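Engineer: Taken in order, the sequence shown gives residues 5 to 630; the numbers are from the working numbering.
It is worth saying that the hints were derived from the structure and are not from the lab. The structure presented is a predicted model; accordingly, all values stated were derived computationally and were not measured. Hints are not guaranteed to be accurate.
Below, in silico cross-link-like pairs of lysine-lysine (DSS-like), each with a Cα-Cα straight-line distance of 27 Å or less [claimed, not checked]: (1) K71 to K27; (2) K515 to K530; (3) K320 to K360; (4) K459 to K515; (5) K320 to K279; (6) K156 to K530; (7) K459 to K428.
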Amino acid sequence: MIPTKAIVDLPKAPHRIKMVKAKNGTRYVYLEVGRTYNKEKKYNLPERVAIGKLCKDDTSKMHPNQKYYELIATDSVIDRAALYMPAEAPNIRSHSRLIQVGSHVVINECVTDFSLEELLSQSIEDAGQSDVLYASTILDLASYSIVTQSNKAIHYENYAYNHYLFEHGQRIISGPEISATLPMINDDVQMSFLERWNRMHSDCGEVVIGYDSTNKNCHAGDIEIVEFGHAKVDRGTPIFNIAIATSLRGSIPLFYETYGGSIPDVSQLEHFIGKLKSYGYKNVKLVLDRGYFSAKNFEVIEKAGFDFIVMVKGCKSLIHDFIDKHGPRLAVSHDATINGNLCLHGLTVEHDFLGKNRYFHLFFSKNKSVSEAELLQNDLSKQRALLNAHENKVFEVTDNSILEHFKLVYSDDGKTFLYAVEKKEVIAEKLSRCGFFCIITSNNVSAEEAYLDYKKRDTSEKLFCADKTFLGAQSARVHSLPSLKAVIFILFIALIIRSRIYVLLKDASIKSGKRSQHLNVPKAIKELDKIEIIQPVVGEPYTLSSAINSRAKQILSCFGISEEDALERIRRMGSNEALWNNNKVQRQFAITQKDKEAQDDFAELEESKGLDTLECAVIYYEDEEY
């Protein structure tokens, strides 16, 4: 609810402001929030959002709408809160009389396991933000991302309305308040937390770290790190890159980096190594994908004194020599099976590479061989059909893959394509190499050990999947660099919690021997949120609405929480006076309105729509135009 008579100054960014006059004479104020590249027109088109309307008697002022408060930060959360509610209203919002508590029980257990609230509180205090920022706010926003799979601030109130919160007073903050809070989660807060968090994990012996990166689309305007670059999923918008380091033993996110969208991943590794050393990591084994395969990176890793495991990229002639020499024997050898898998074989070849002895681990996968051969045959069929369709026509082939597989015959003038001949030897050679892949390590380990360590890297990929798919973070929706950094930090906290939930659910399913019945995180959260507390009488404590079902009990047991323990925790939540008293205060406020006009309007609404007093108060103070 935004007060209809609020007046603010026009934003001091004339190059981003545009006025649009409606038919009724009202002039609306639009803010440019980004630019989208139009491939057809070959230039950027502005993206604008209405943030209010111009005052009739003073063109330097405007009446703001909800979007104004979301996009343009003020100096104080308190100021925002004052603007957001009617002057007489208490700065609290009522909760639903039916609250979902199951997900909070589990998330809180993970938060406690890692001492996240304490670490965040200490980091906030280090940064001198303890007067305006609370760890509970960050944890609530992180929980919101996990439970709803979204990071849109505008929907947070709906979530908070019927979920138990970390906020000790159970106060529901608004979208505008969130926007005002984000800049307070500044660099000092983030860096202090990451330092404390990594000091907890750097002294635990050998650390196997997976490092991976992705990029995110961003609709913001003037954010320094947002640039056009090589997007992994091109949506025609600028991007920024984010990389994450993960402890592969325990699947724990350690830290992250953000960097410009135009910077290639291979160039960022040196900075990552520097961070590892500054956090105190010493006995490190880095597990990297083929995107980091480069002579410079090997040099940087070895200079730091770290070991590495990297999937080979390039080195075609060398790898082909290994396949030609060892492939036939490897494909049928039962002595070379990996981890008991009869369809996967491996062996190790010591070979000089870049002036040092390296260990090349050559693998053959029967399953991979079949799928790659099928993919090659499908590509050949498509290429053959394309060529057949252009016989006896003027046709220029630019696809190198076609030229690799077919010899093209043209007429004497060199323009008219006549027919194509398969390069059977080339195709046969490719088919013979299907199913082979190679991993290189800096130290002498077995092929099985190299494979299993590299396989652990799937964890970091799954974390990225969680980030992009299950935390609603495919793209950024903020409009300043501090806010962007804050959102990424909140998502990192969410990732720590979610990865813990994932690991405990997975471990429990493996222990039980029922891996096929393994619950993923979204399904587990959905099941847990069937556990609800209800407030039978306004102003009285909440009680459990129904018994905990067997499925929810099973999920809780994965976290070491018994039914008795869960019931006690739920009882304490229901007895939290801050939760049920909010409803009482709001109801009293609605009933004791002194504004006669409001009382008359309430009566009319109650009579015409059959609504209670509180619902009428909400409608009355809501600016329906916005």
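Engineer: Return the numbers of the hints above that this structure violates; sort them in rising order.
Structural biologist: Structure breaks hints 5 and 7.
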